[in-house]
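These protein sequences, in sequence, are chains A and B. Numbering of the first sequence is given in our numbering, commencing with residue 1 and proceeding in unit increments. Numbering of the second sequence is given in our numbering, commencing with residue 1 and proceeding in unit increments.
Simulated from the structure, these hints should not be mistaken for laboratory data. Treat the hints with caution; some may be incorrect.
Computed cross-link-like contacts, SDA-like style, restricted to lysine to any residue with a CA-CA straight-line distance of at most 20 Å [stated by the list, open to error]: (1) B/K153 to A/R79; (2) A/K67 to A/A107; (3) B/K111 to B/D65; (4) A/K52 to B/L200; (5) A/K142 to B/G141; (6) B/K151 to A/G81; (7) A/K142 to B/F81; (8) B/K153 to B/K111; (9) B/K151 to A/V91; (10) A/K142 to B/P147.
Each chain, letter by letter, is given below.
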Amino acid sequence: MKEVVVLSGKGGTGKTTIVGSLAALAERKVLADCDVDAADLHLLLSPLEKEKNEFWCGQVAHIDADKCNECAVCQELCRFGAINNFRVDAVSCEGCGFCSRICPAEAITMRDNMAGYWFISDTSYGPLVHARLGIAQENSGKLVAEVRRRARQIAEEQGLDYIISDGPPGIGCPVISSLSGAALALLVTEPSLAGLHDLGRVLGLCHHFGIPAMVCINKYDLNEENTREIECECAGQGVAVVGRVPFDNVVTESIVQGVPLVEYSDGSITREIQRMWHTLSMV
Amino acid sequence: MIISIASGKGGTGKTLVATSLALSLRDDYKVQLLDCDVEEPNDHVFLRPEITGTEAVATPVPRVDEEKCTYCGECARVCAFNAIAVVGNNVLTFPQLCHGCGACAYLCPEKAISEEDRETGVAEWGHSNGLAFAHGKLTVGEAMAPPVIRKVKEHANNEGIVIVDVPPGTSCPVVEALRGSDFCILVTEPTPFGLNDLTLAVETVRELDIPCGVVLNRTGVGDSGVEEYCRQKRIPVLLTIPLDTEIARLYSRGITMVDGMPQWKSRFFRLYDKVSDIVDERSRGPER
Numbered sequence: 001m002k003e004v005v006v007l008s009g010k011g012g013t014g015k016t017t018i019v020g021s022l023a024a025l026a027e028r029k030v031l032a033d034c035d036v037d038a039a040d041l042h043l044l045l046s047p048l049e050k051e052k053n054e055f056w057c058g059q060v061a062h063i064d065a066d067k068c069n070e071c072a073v074c075q076e077l078c079r080f081g082a083i084n085n086f087r088v089d090a091v092s093c094e095g096c097g098f099c100s101r102i103c104p105a106e107a108i109t110m111r112d113n114m115a116g117y118w119f120i121s122d123t124s125y126g127p128l129v130h131a132r133l134g135i136a137q138e139n140s141g142k143l144v145a146e147v148r149r150r151a152r153q154i155a156e157e158q159g160l161d162y163i164i165s166d167g168p169p170g171i172g173c174p175v176i177s178s179l180s181g182a183a184l185a186l187l188v189t190e191p192s193l194a195g196l197h198d199l200g201r202v203l204g205l206c207h208h209f210g211i212p213a214m215v216c217i218n219k220y221d222l223n224e225e226n227t228r229e230i231e232c233e234c235a236g237q238g239v240a241v242v243g244r245v246p247f248d249n250v251v252t253e254s255i256v257q258g259v260p261l262v263e264y265s266d267g268s269i270t271r272e273i274q275r276m277w278h279t280l281s282m283v
Numbered sequence: 001m002i003i004s005i006a007s008g009k010g011g012t013g014k015t016l017v018a019t020s021l022a023l024s025l026r027d028d029y030k031v032q033l034l035d036c037d038v039e040e041p042n043d044h045v046f047l048r049p050e051i052t053g054t055e056a057v058a059t060p061v062p063r064v065d066e067e068k069c070t071y072c073g074e075c076a077r078v079c080a081f082n083a084i085a086v087v088g089n090n091v092l093t094f095p096q097l098c099h100g101c102g103a104c105a106y107l108c109p110e111k112a113i114s115e116e117d118r119e120t121g122v123a124e125w126g127h128s129n130g131l132a133f134a135h136g137k138l139t140v141g142e143a144m145a146p147p148v149i150r151k152v153k154e155h156a157n158n159e160g161i162v163i164v165d166v167p168p169g170t171s172c173p174v175v176e177a178l179r180g181s182d183f184c185i186l187v188t189e190p191t192p193f194g195l196n197d198l199t200l201a202v203e204t205v206r207e208l209d210i211p212c213g214v215v216l217n218r219t220g221v222g223d224s225g226v227e228e229y230c231r232q233k234r235i236p237v238l239l240t241i242p243l244d245t246e247i248a249r250l251y252s253r254g255i256t257m258v259d260g261m262p263q264w265k266s267r268f269f270r271l272y273d274k275v276s277d278i279v280d281e282r283s284r285g286p287e288r
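Modelling step: build the complete structure from the supplied sequences, incorporating the hints.
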């Protein structure tokens, strides 16, 4: 079983469009949406929800006003500025529990935090594990780890060949959580200077964690000079460019229709993604 | 006034709006742009600022003096993040998991733990053609963006207009960047993805009690879902930007929209006026 995670560094380069298409092209796979902040993959796959589970993670401090004698020790020691006027700002609280341990009046307790939900759904392309992080919550990395764990479990139980994950943008906590231990990262970029800059950082992350990476240049024809620069950069680092996908409004149309691009269009864009999947599946 | 530029979904045009808004206002106001997308900062690609100062961002992590340590295990019990473990006569620390709360050092009965700084990123500041500028860069391989964002925001000017470019998403880095804003401009696109992620972004700014309005980018393709949602939720659509390959080409070359298409400057100026009116009205009005 092989886990392919699709990342980009920069947001909006087409990760979900590519994952939706791979969902339709790959056989014997489970899909995982690791962008738990702003999950969109379900909008292409018409999932039928089978399981909805609460995700409890971390804690938040709570001050019992009856016991609090307003000594302010907690406010002085909290490094996150989460206690003001003897009240806890739940959004700022990191759940370290320091305050609850040093309160002389024992007025502070830590309460478990419900940080979101994760789901297992059926789609006509195979099972999908996805999640929704609660608004303004921490622990996105741990929710990603939960999504991956469940996807892996399903792949093992059903003897599937692939886990295909849609990763979050950026290079921080949830991205590291999506990437660690994957067999391959497919990096979707675009031929803009911003895309090139961000690709460099996410490539650096793959090197840092020793994950093999391949690159797909989306909307390559918007700036062919930058496309060549990305190809040179990749060649210099020994990273294969496995796809060059043209700009086409049909992508937006397929999103509006809520179907994977390769099922919606039989144009050159679809043939290019088919060719890319063929290359990836040979690795 | 602090105006943040956010979006649930990545790649909707936050950087385009933040840079063009800042450049449109700079002749008439004192303007500062803070790029708080410290995982993938891009504003500098467009503004090519002259950097005049830098400061390392450090998280305090524990250092154990094994001469004093009795391996009692209290530090491991108090750490909520599993960043310190006692195994037999060994204390293991995992600095990347440490949030720097300081509990282990404070609560160690033998006073065997001190704290040392670990660098996780850098904040840089300077200017670009009369525009004050600051941004942060999370070190590649580091997980925690919020301390870098906090450091960038320490450089916010107290006067004039501060424009904050917020990272995508809805979790802690976004909250850290948004906190303290007087208004949030949410940039989205007219597609089901744009709508889904806008809905999440609106919930986030409402949780933080920040008024918001929408900039709709790449109109002309897609559907009407976002506009219907905005009408229903009474969220003003402050500016629409059409899908135009010329805009995309300028962007791809690292040229801001108002530099490449100066006719847009007055529209970004009006965008600011609308935001300013809403903020003024909100500060006067009895209902919030």
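Okay, the hints, checked on the actual structure:
1. B/K153 to A/R79: 16 Å, holds
2. A/K67 to A/A107: 5 Å, holds
3. B/K111 to B/D65: 9 Å, holds
4. A/K52 to B/L200: 19 Å, holds
5. A/K142 to B/G141: 17 Å, holds
6. B/K151 to A/G81: 14 Å, holds
7. A/K142 to B/F81: Cα-Cα ~12 Å, so holds.
8. B/K153 to B/K111: This hinted pair is violated, its Cα atoms lying about 34 Å apart.
9. B/K151 to A/V91: 18 Å, holds
10. A/K142 to B/P147: Satisfied, since the Cα-Cα distance of roughly 19 Å is no more than 20 Å.
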